[in-house]
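S.K.: For reference, the chains in residue letters:
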Amino acid sequence: MKEITEMLQQVAARLFNEGLEMFIGYESGSVPAKARPYFAAVQGETAALVFNPFCEHNLAKYLVRFPNAKTAVVVKGCDAGAVERLVKERNLDRTRITVIGVPCGGMLARERVLAELPQDGKITAITDRRDAFVFQTSKGEHVLEKKAFLLAKCLICTQNNPTGVDLMLGKEAPPVGETGKDPYARVKEISALDPPARAAFWDRLMDRCLRCYACREVCPACSCTECCFEQAVPGWQQGAIWLSKAVTLPDNLHYHVIRAFHVAGRCTGCGECERVCPVRIPLMLLNRKLAGDIDELYGPTPPDVPSVLCTYATGDRDEFT
Amino acid sequence: MPRIGVFVCWCGSNIGGVLDCPAIAQEAASFPGVVYSTEYKYVCSDPGQKLIVDAVKEHRLERVVVASCSPRLHEETFRQVLRRSGLNPYFFEMANLREHCSWVHPDTTVREQAQRKAVDLVRRAVAKAARLEPLFPGKIPVVRRCLVIGGGIAGIQTALDVADAGLEVLLVEREPTIGGNMVKLDKTFPTLDCSACISTPKMVAVAQHPNIRLYTYAQVEEVTGYIGNFKARIRQKARYVDHSKCNGCGTCWTRCPVTVPDDFNLGLGERGAIYIPFPQAVPNKPVIDLEHCRRSTRGKCGACAKLCPTGAIDYEQKDEFVDVEVGAIIVATGYGLFPWEKVYGEYGYGRFRDVITGLMFERMVNASGPTGGKIQRPSSGKEPKTVVFIQCVGSRDEARGKEYCSRFCCMYTAKHAHQILEKIPGSEVYVFYIDVRTFGKGYEEFYRRVRDEGAVYIRGRVSKVYQDGSKLIVRGADTLLGEQVEIAADMVVLATGAVPAAGAADVARMIGIPQDKDGFFQEAHPKLRPVETHTGGVYLAGTCQGPKDIPDTVSQASGAAAKVCGLLLRDELETNPLVSKVNEALCTGCLACQPVCPYRAIQPVTITERLPGQPPRERVVARVNEGLCQGCGACTVACRAGAIDLKGFTNKQLIAEVDALCL
Amino acid sequence: MSVNESDVVTTAEGAAWEPKIVAFLCNWCSYAGADLAGVSRIKYPANVRIIRVPCSSRVNPQFVFRAFERGADGVLVAGCHPGDCHYVTGNYYTRRRLTLFKRLLEYVGFEPERFIVRWVSASEGQRFAETVKEMVDGLKHLGPQKRVSRV
Amino acid sequence: MKIGYYPGCSLESSAKEYDRATRLVARHLGIQLYDLNDWNCCGATAAHSTDHFLAAALPARNLMIAEEMGLNVTVPCAACYQRLRLAHRELTENEATAREIAELLGRPYQGKVRIYSLLETIAGIGLDQLAAQVVRPLKELKVACYYGCLLVRPPGTGCDDPENPRLMDELLLAAKAEVLDWGYKNECCGASLVFSERRLALRLIRNILRNAVDAGATSIACACPLCQTNLDTRQGQVNKEFGTSFAIPIFYFPQLLGLAMGLYPQDLGLGKHFIDPQRAIKAVGG
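Each protein sequence line maps, in turn, to chains U, W, D and S. Number 130 in the working numbering belongs to position 130 of the first sequence; there are no gaps in the numbering. Number 232 in the working numbering belongs to position 232 of the second sequence; there are no gaps in the numbering. Number 42 in the working numbering belongs to position 42 of the third sequence; there are no gaps in the numbering. Number 187 in the working numbering belongs to position 187 of the fourth sequence; there are no gaps in the numbering.
Simulated from the structure, these hints should not be mistaken for laboratory data. Idealized CB from N, CA, C, for every residue including glycine. It is possible that part of the hints are untrue.
The calculated lysine-lysine pairs, modelled on BS3-like cross-linking and capped at a C-alpha distance of 30 Å, are [unchecked claim]:
id: 1; chain 1: D; residue 1: Lys43; chain 2: D; residue 2: Lys146
id: 2; chain 1: W; residue 1: Lys471; chain 2: S; residue 2: Lys176
id: 3; chain 1: W; residue 1: Lys342; chain 2: S; residue 2: Lys176
id: 4; chain 1: W; residue 1: Lys652; chain 2: D; residue 2: Lys146
id: 5; chain 1: W; residue 1: Lys471; chain 2: S; residue 2: Lys142
Derived Cβ-Cβ restraints for the label pairs, each shown as a range [claimed, not checked]:
id: 6; chain 1: S; residue 1: Thr92; chain 2: D; residue 2: Asp137; range: 35 to 43 Å
id: 7; chain 1: W; residue 1: Lys517; chain 2: U; residue 2: Val305; range: 19 to 27 Å
id: 8; chain 1: S; residue 1: Asn40; chain 2: W; residue 2: Tyr349; range: 37 to 45 Å
id: 9; chain 1: D; residue 1: Asp137; chain 2: U; residue 2: Val305; range: 34 to 42 Å
id: 10; chain 1: U; residue 1: Gly299; chain 2: W; residue 2: Glu483; range: 31 to 39 Å
id: 11; chain 1: W; residue 1: Glu483; chain 2: S; residue 2: Ala283; range: 39 to 47 Å
id: 12; chain 1: W; residue 1: Pro22; chain 2: U; residue 2: Phe201; range: 48 to 56 Å
id: 13; chain 1: U; residue 1: Gly299; chain 2: S; residue 2: Arg203; range: 50 to 58 Å
id: 14; chain 1: W; residue 1: Asp506; chain 2: U; residue 2: Arg186; range: 44 to 52 Å
id: 15; chain 1: D; residue 1: Pro144; chain 2: W; residue 2: Gly519; range: 19 to 27 Å
If we strip away everything but chain U, and leave its shape as in the complex, we get (with noise of 0.2 Å):
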């Protein structure tokens, strides 16, 4: 990890000189075992650039805020889709950015590796060892296996080496998915139970959400100017109010539900929003029921199409006679 991080901190340097204006990467948290996004505005804070299996966060949406600077920005596998897909819908001026790719070795689940190291050890060094990640801390050396330790979504990863970049650093990462796993094991299961066993399992998880609108802010699919469910201008003579703000059951499904097909052959699957869910519902799991019924109804998209509910072949099943 090590060598990535110094790459990335001369790459930032080199790019400032060069004229960047802002460098999007990520720095130590303020707590043991935590990344978070730093934004480096001139050369002198690029020392702080760090990346290590808990860089678990798309940085691509940040992109937006800086429409008018040339802005470079640090990638994974799974980010890089949120880059295209930003440039694709005209939000971002492509060749003001300078895309680097980061080589993902997977991302740790913060709980689970706190859970296993010494609490008072200090680390010290990170080393990615294909199968599992080596820790040197302050009270020694210790070995977390990846398939006990990895975020699930690194766990069904197929894409961990970004595409699309302009700088790639580092050597190529072997594949990080355990081969064989079924991405869409949970959206089956759930399709299997009956719809009232359905509508539990929904009901229970759509009942806490805040409508804290973080899984909305993070998606890089989500880019309207303004959100359709906020648009309201006050008095009779206002434009349609598609949803009330009130939490409750049916607006917070309503919602879920919506905001799931708007992003529908859209969302890269970078997982954002379930990652900023403060009250953990399994957005993804919505996501990946569309992603897999588009897959099976209509296979990939072709590149020059927005995206496939902007095309239709005459041809496509019709489950409607």
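Chain U is already provided as a structure; the job is to place chains W, D and S on it using the hints.
M.R.: This is chains W, D and S only, laid out in the frame that chain U set:
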């Protein structure tokens, strides 16, 4: 909240006999915004309409709801009433109490339910009415010029009709001459008048008409714009002959040393590398086929240039482009023949020279054709004594050809049979057919006459044609006798079906009109709008829309011309106001809406956005061309940002309707 | 589908409960088809309330959810048969959108009978009537939609 | 090339020479034929015209054997070829039949076997390859290639264009024979009708012979045991019935290919003909 008036119609006993109209009116009076509510026997009648006009005045109504029949029937009627009342005609909404309620729920057992449903339907209409906005049809100027693509008989007829009405016409034909397929024919059924004699005068009329500009050997390459305001780019292919200098003397084409199989005669004759397709060609000036010209294949010759008395030959000529503006387009690209050689092995895949198509027969029997009108076997030049005709080659064959009937083959086969029997004494004619379809005036009579003349009609298919010495053995089934028949023929003529002309798909894509499953251009309605397309300002004439004979083609061509005159003789066009609009503040410019629009009405534009406290920023947004938009609303749902709304069916209105119905 | 005595739900007033169906019909085919059912006097249950839209592709999935929230027991969307759309291609988009949306609705626990999409041409008055009958039967079997209804 | 070989019953009896020529030519061309273990009747005529199920089940067993051996299969007999192809189609497209047959035979058929006619198999090594093996060009041989009906029909199942098959023509052209275009390539030879409708069958045979001779043929090549038998053994009866005087030898096409490759005529079973082929063989220097 606007002031709404509700008028519940009895429609005599149609509604009033089932529903309690006074009760509905009474309940409607309590709906939000309703200031006046009444019922009447026939609201659509003159006194009924007057009732509305008066009530609007008296009660200062701002929106009108009529609860009566289907809006598909009377929406326009009542909009006119609103216009007369001084209201915007789009301040009107209907509740369909007749087709959707009283007529389908007449039983006394469900009376209460029906009554409740009627009230719900009126509540919906009132909820929508309260949210109606005034709409104004846009005005767009019209370019008084018409582009006709294709110079066959359809294009010729339509061009002449439009031009005679005083409008300018640009007629574009890709071949060196106009005339199309019709001018290749010998005689026309059932009258047996000479095809060239009736079509060449029209060709000349086109060339001489002061309102028609003719582009032959030219192709339309690009079409943009919309009804009343199209822009088109025409490629004038290089002819290597300067037609402004050429006087058509004919020295060059009679002296060209090259001989090439002649496509006008379907390979039955020959022409030079510099040629006119046939003696009555319009324009009667040659083009050089550079692919075969000896000067370009061998680097030397130049005979035509040396011989030309006016110095019109120009080997260096280049393709030229002409950009034109037109208000309407008539597509008349015609038909081609089904490529039977690729499919029908039982007829020999084109290996046997004496198996010919009907169109080849036309050239052969034509006095100005390659054989001077003599019917002869291509293999030997001898006169055939026994001729077999096979009908439905490519047509009515789901398995290998086309499912549809090509319509004119039965009749031209009957004509060919007649011509053989007339010209070759002692000849025998056999016709294999599935059904004989004689749909036109005088057609059945003609067919009967040909049978009486001795043509033997055999109902059945041919399973095999093979060469046996100098004869062609035709084996088929006579399904009426239930027997196999074998005929030793000298010549076999195939009634090859019609398919869209080569390049039809490119034309469809270029103009943005749909094709049907067989590639013919799709008319807007199969019965009631047969010459219009779904694209405003684009019309169809002739066989590009589907197989048809000459009278039908000419009728449709004149029909298309009438439509164009109706369009272009106005000063301005009113656009349908029920179109999409983009809220540019919400639009993110993702353009997901663009591919969804079947009319190519959505285009990106760059706007400069000024937000408080920020420098002006250029941004791409979608914009709807109201001239092109037909108001389907597909884009409104494709737009995830909710930035596109459809006037007359807005999100707000539809949500209000849902809410009102569910109350 | 037959309804057992025990399945019959009654309202507070004691009358037999009747499902409420909101139907979005495209102007050119399905609305005309419903008109034809009327002109042909084909009887069908009075449970359906029709909203006219120019094309089935105008139907935003949010309208469907909205109807359920407002207490609809079932929602019907009907349009021209694929290939016959008045607007040429509109219903092809409808088909994709609503296939995915219907599957999503079922995935989050809605019974398949709640949301129906049908192709009904202007000549298929009978088919429209049958569709309504089928839906009413199915919904009576399921009972009222209370899950997201706020009424 | 390794491929399963399904000779079928005819090639064990009346058409032994077809079998012999096939094996020799295959060996010469480097095609390794593996006889299917314990193969059974393909079900032609007797079974397929009376029992739909048996018509699929009999060839199905052979396909299963090939599948177990992990081989595709080549079939010299036109009737066997058609039965196997149709059974394969039935088994892969009709689930109910497939299930029933799997139950009957105690194993399922996966549908992995590809069935080739002998024409396709030999053409598969490449016409250039074939031409390179020719030591005795068949220059003097004016041959009409006769495909019959079963090899190319029904459309979509046959090994070549049903209306104008070309495969045999190409093979014999590679052997430098003079291949004639004629009208009866794919006509019916009367098959077993010769027993029940003798006159009709003889007329069909007469037509084929006449058309070939009229086209200038001095020999006919075929790829079906029954066609060969009918055309060869019935020429005398045809002559008697119609007052004709046909004497045209009927070869199996691998016999001709073998000749071109320089193999001995007797090894190719050329002594078994009713109509003496000696003149034709001599003409090509055999």
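S.K.: Which numbered hints turn out to be false for this structure?
M.R.: 10 and 15
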